[in-house]
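Number of protein chains: 2
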Amino acid sequence: MKFVPASCIKLDDPLWSKQFDLVRNVVLPHMWEILNGRVENAEKSRCIENFKIAAGLSNAQYYGPVFGDSDLYKWLEAVSYCLALDNDPRLNDLCDQVIDLIEAAQQPDGYLNTYFTVVAPEKRWTNLMEGHELYCAGHLMEAAVAHYQATRKVKLLDVACRFADLIHSIFGTDKRRGYPGHPEIELALIRLYEVTCKERYLSLAGYFINERGVGKNIFEEERQQDGHAYIFPEMEHFKADYFQSHLPVREQLRVTGHAVRAMYLFSGMADFARLTNDPALIEACKRLYENTVSRQMYVTGGVGSACSGERFTVDFDLPSDSAYAESCASIGLMLFSSRMWLLDPRKSYYDVWEQVLHNNVLSGMGRDGKHFFYVNPLEVVPQTVSSNPMLSHVKTQRQKWFGVACCPPNLARILTSMCGYIYALDNDRLYILSHIGSSFEQGGLYVKLCHDGDTYTLMVDGGPTDVFLRLPENSELIGDQFGNPSNGYFSLHHAGGKRQYSYSLKPVIRLLRAHPSVSALTGKTCVQRGQTIYCVEGSDNEVPLSALRLPVDAVFTEEKADWLQEDLPILKTTGYSVSDLNWEKKLYDSQPCVYEPREITFIPYSHWGNRGENEMRVWLTEKQAKSNIQESE
Amino acid sequence: MKFVPASCIKLDDPLWSKQFDLVRNVVLPHMWEILNGRVENAEKSRCIENFKIAAGLSNAQYYGPVFGDSDLYKWLEAVSYCLALDNDPRLNDLCDQVIDLIEAAQQPDGYLNTYFTVVAPEKRWTNLMEGHELYCAGHLMEAAVAHYQATRKVKLLDVACRFADLIHSIFGTDKRRGYPGHPEIELALIRLYEVTCKERYLSLAGYFINERGVGKNIFEEERQQDGHAYIFPEMEHFKADYFQSHLPVREQLRVTGHAVRAMYLFSGMADFARLTNDPALIEACKRLYENTVSRQMYVTGGVGSACSGERFTVDFDLPSDSAYAESCASIGLMLFSSRMWLLDPRKSYYDVWEQVLHNNVLSGMGRDGKHFFYVNPLEVVPQTVSSNPMLSHVKTQRQKWFGVACCPPNLARILTSMCGYIYALDNDRLYILSHIGSSFEQGGLYVKLCHDGDTYTLMVDGGPTDVFLRLPENSELIGDQFGNPSNGYFSLHHAGGKRQYSYSLKPVIRLLRAHPSVSALTGKTCVQRGQTIYCVEGSDNEVPLSALRLPVDAVFTEEKADWLQEDLPILKTTGYSVSDLNWEKKLYDSQPCVYEPREITFIPYSHWGNRGENEMRVWLTEKQAKSNIQESE
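Residue numbers (numbering that gives the first Met the number 0), protein chains in the order written: chain A, 0 to 632; chain B, 0 to 632.
Here chain A stands alone, though its shape is the one from the complex (with noise of 0.2 Å):
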């Protein structure tokens, strides 16, 4: 079973076709002024002077942080999905412009980063816990096999294995010892096997995966050796856990440490054990994937819950107002996800999947495409925010760039990126996994799915093939010429040649609420329309958002709203807000709550912080019995 690749997919969606020539029209281009640092009052970028630096072409002074390399990697790799569906010849030109100058800044022996070649040739892998050589090197990887699938040129993918091959000489068995600080290599190293067939690449990724957490940490080694100096201080006080090397990867229970780094390595992991259908490594995954969205993870789809360390911290600890949920992360669940999908093809994995991208990783980036979320918060009150120190590291509006600019490029790699894990296939199998509109031609079998609000119709041509249709979570499907749904998948068997199918998808509005231990939470609810989790904003609702009530029984109608240019509408309901009358001076009594029926306006929370800086709440208070007017209690 195979994902059909995003490079063979036409996406026709309304939702997702806009994000996708956002990412390709507006969000590609000012990233490519950004790294070049031709934007005026962005955080300052000096991404491609580096490698001119590196390339012998500049005399300039490297800046920027140790990983700056990656935002290029990533920019190049999103630009090869957009280059896959539509050969534009400027920025195919680029494209090359761009890999020439990395090709460049390869050093002879095949060795490719900017800061060590520039700043500290003498430090090459000498704190792989913090130097990210391993990390940059594989984003190099995968916009090299990203770019090799869109245009058939294989000059990036050689700088890739020329590298990657340095590194096999030098990790692995009877080798030096070592594994990345920050994971990515690993599933890198796999994409770089699944074009290339080396099997070197696998079995390298395999050796940084069992490596890790086994005998003496070598992180701990490293800071032993004479002439170590931490490039970043405050991680002198993280532990082994921190990195994810704190056990070997099988006995690992629970997800621990960095978000993004834990994501990336069970990412590699899934990949790996499904290669080699290694049964221990099997259950880590799951075990691990379980306790990520079982008792980790935002109802956003956004994990690690600490800003110190962008970390995950312990089951159910998911404030909402000092939550970090870094859209990175989030992206990382998504690929792990739908790498668990192909080890095991439940359909829960796709759950998550959707509520990840629907939510958390939409949100990431704002509507003009020029600024982004790095922290996905689920609650703001703006003047708490600029003055409770404890929350600096919420922003009540998108930004336009970051000093760590590891997300703006993610986003745009991940929404370029994501029809690559909507359909996959294998001899006589086709599973559609996400019903989102598009079409693909693979192996002589042509398939287009297209919509019209909850009409959907589906197009095969070829086979004979069994096709299976996901339900999504909180949706209805009928379909007349699918049979009963089993665990979750609707199918019929395509006899081959051209035919049709329709049937209809209706998103399903609920209120939701967390496992009692969620201690943030307790008799708090929102709001989930399909996949799509809505929020409340100061712009459409008496503020504070606090004093606001949403009955259990609440019923809701759906809007379009002429700012949210999307078919996602606006909802809304009767509710209450506890009124403030009383309480002039007052800060706590005894007195009875007096509830005001109130309309409330929910927004999808992927689209909050678009119309100016107001307040904002995901999870509001449930009042569970119906009140009448003015009713006290």
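Possibly wrong hints are sitting among the right ones.
Put simply, identical chains are the same to the list, so a pair is met inside one copy or across any two.
[What the hints assert, rightly or not] Below, a list of computed lysine-lysine pairs in the DSSO-like style, where the Cα atoms sit at most 30 Å apart:
(1) K346 x K152
(2) K497 x K447
(3) K122 x K447
(4) K585 x K505
(5) K174 x K238
(6) K9 x K505
(7) K238 x K399
(8) K584 x K505
(9) K197 x K152
(10) K238 x K394
(11) K584 x K346
(12) K51 x K399
(13) K174 x K585
(14) K584 x K238
By construction, these hints were calculated from the structure, which means they are not laboratory data. Computed from a predicted structure; not experimentally measured.
Chain A is already provided as a structure; the job is to place chain B on it using the hints.
For chain B alone, kept in the frame of chain A given last:
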């Protein structure tokens, strides 16, 4: 109108005598050992040694924070309150030795600060923002006044006056500009003025108050001096409002910045406003008090929400789990409240005074007198505290000592001096502000208040005088001999001679809610009995406490608990817990909450954490409608 000083009052109260005796018999001897660095596994203190070094009696190395001297002064102040009531010769001698040591450490010109004398003599007065010289001077003066009032010995008073005279010769109009980075000396100079009647101490206090925030900020000027170095590097980024020096004090509208500094400054302001009858300053005190207690105070009387900078944040920002609510800040709020009452005898100032004393202050010290809270959270889940770095300031158990050891000696001095704020007298009026069993004789008037449970007997001998009994918040006072209450006071005319009056005072149990704008407390309620806030602990209740629901119409029964050796009962009621039966492997779901009836046990917040580490929670989610067994919603 003046308070009857603590030195004249004999406590005889089931709750407060025990606290007093615990401080005298356990806390103070224990602290003496600590100050001498003789306690194992406690944060190291070399306070006494530092004085010996400054006195030329030791060649050891200075050790400890720049404000370390204040620990000894606060200890000495507390010991003095004990001496006033019971002239223990051994303690008396120890004080005399300590005072000899302090005098020996004083420099010929009157200067007294071990850090600057030993470590940085050339830096005297060069860093008022961080140096704490004026702060330590203030605590010396308070100790000197207390010791003089207790023993009539003048040696320490002379030491304090010599230092005050030096400071007066340096700072002031037409002299050097200055004011303390950490207020305290203002209120201390006024205490010194009140025992010595030397006007210059009053006017120096006034200078520090009036100069603050006027013209160019002197802390800014200090930062710009050549050779300026930060003592606390983090302060580099703190703005003027952190030090309450952003505006002239009369123009400050909201309480800002470091909570202890603010409370001490405002206390001094209230004293100075009263003594000078300055309308603008009185107005400012009332405004800042109002903002503190009606917008930024925890229900436990804690103030200062944010760990970073131990500071106030913004109106209604009162998170329970990350609360800072430093013990010292709440002590400062008691000082501020009692001084506001002298300005304007409204009974509500004492509602706050008692709310703070009975809850945040009492919680600061463990029942063994050897463990203390610096931070007083309102909600603790131990595994979350240990895993989420954002909560690293929270301790789930009281600590032996602290690197910054301001709180334990401050608790000792307030618990031995609080009786000095409960009686106020002038020519023909006696105010009884807090109903604490005690007696005093002053100016031919003998007053004795005792109680047996809810029955109080007031004996007055002398007079004539009008007696005003304050009605405590959330209590019922019944007394036939008293007229109808007016403005919260019951009163009677004592015609003279010896007479006994009796009344009953019953605490009421009620549920409190917070202002609808308090985002962290939406939908929550807490239990208050009299002035005592209650909480639930894991030891008495099924965890997770987040699953508990408290019905709006809960009825409570009072019980005696063996472990709780106070005249405070524990409370029990029938509430609910949300079943987690159907939540296996689920984190979010639309299923209705299933409520199971459950007995909930509440204990006084002040006594949490005395039975080992476990969950604690003050605010429970309110269940609006009373439910039947297994009711679903």
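Results of checking the hints against the structure:
1. Taking the shortest alpha-carbon separations for K346 and K152, neither the intra-copy value of 36 Å nor the inter-copy value of 83 Å comes in at or below 30 Å.
2. Taking CA atoms no more than 30 Å apart as the test, K497 paired with K447 passes inside one copy only; the shortest distance there is 11 Å, against 101 Å between copies.
3. In this assembly of identical chains, K122 and K447 lie within 30 Å of each other by CA distance neither inside one copy nor across copies; the values are 52 Å within and 79 Å between.
4. Only between protomers do K585 and K505 lie at most 30 Å apart by alpha-carbon distance; the minimum there is 24 Å, versus 47 Å within a single protomer.
5. Only within a single protomer do K174 and K238 lie at most 30 Å apart by alpha-carbon distance; the minimum there is 26 Å, versus 54 Å between protomers.
6. In this homomeric assembly, K9 and K505 come within 30 Å of each other (Cα to Cα) only inside a single copy, at 24 Å, whereas the closest approach across copies is 77 Å.
7. Proximity of K238 and K399 under a CA criterion of 30 Å is satisfied inter-copy only: 26 Å between copies versus 33 Å inside one chain copy.
8. Taking identical chains as interchangeable, the C-alpha atoms of K584 and K505 lie at most 30 Å apart only when they sit on different chains, with a minimum of 26 Å there against 49 Å within one chain.
9. In the homo-oligomer, the alpha carbons of K197 and K152 lie at most 30 Å apart inside one protomer (18 Å), although the nearest pairing across protomers, at 91 Å, exceeds that limit.
10. Within a single copy, K238 and K394 get their C-alpha atoms as close as 28 Å, and across copies as close as 21 Å, so both meet the 30 Å cut-off.
11. In the homo-oligomer, the alpha carbons of K584 and K346 lie at most 30 Å apart only across protomers (16 Å), although the nearest pairing inside one protomer, at 54 Å, exceeds that limit.
12. Taking CA atoms no more than 30 Å apart as the test, K51 paired with K399 passes inside one copy only; the shortest distance there is 24 Å, against 58 Å between copies.
13. Taking the closest pair of Cα atoms, K174 and K585 never come within 30 Å of each other, the shortest separation being 70 Å inside a single copy and 44 Å across copies.
14. In this assembly of identical chains, the alpha carbons of K584 and K238 lie at most 30 Å apart only when taken from different copies (28 Å versus 48 Å within one copy).
Hints 1, 3, 13 from the list above are not met by this structure, while the remaining hints are.
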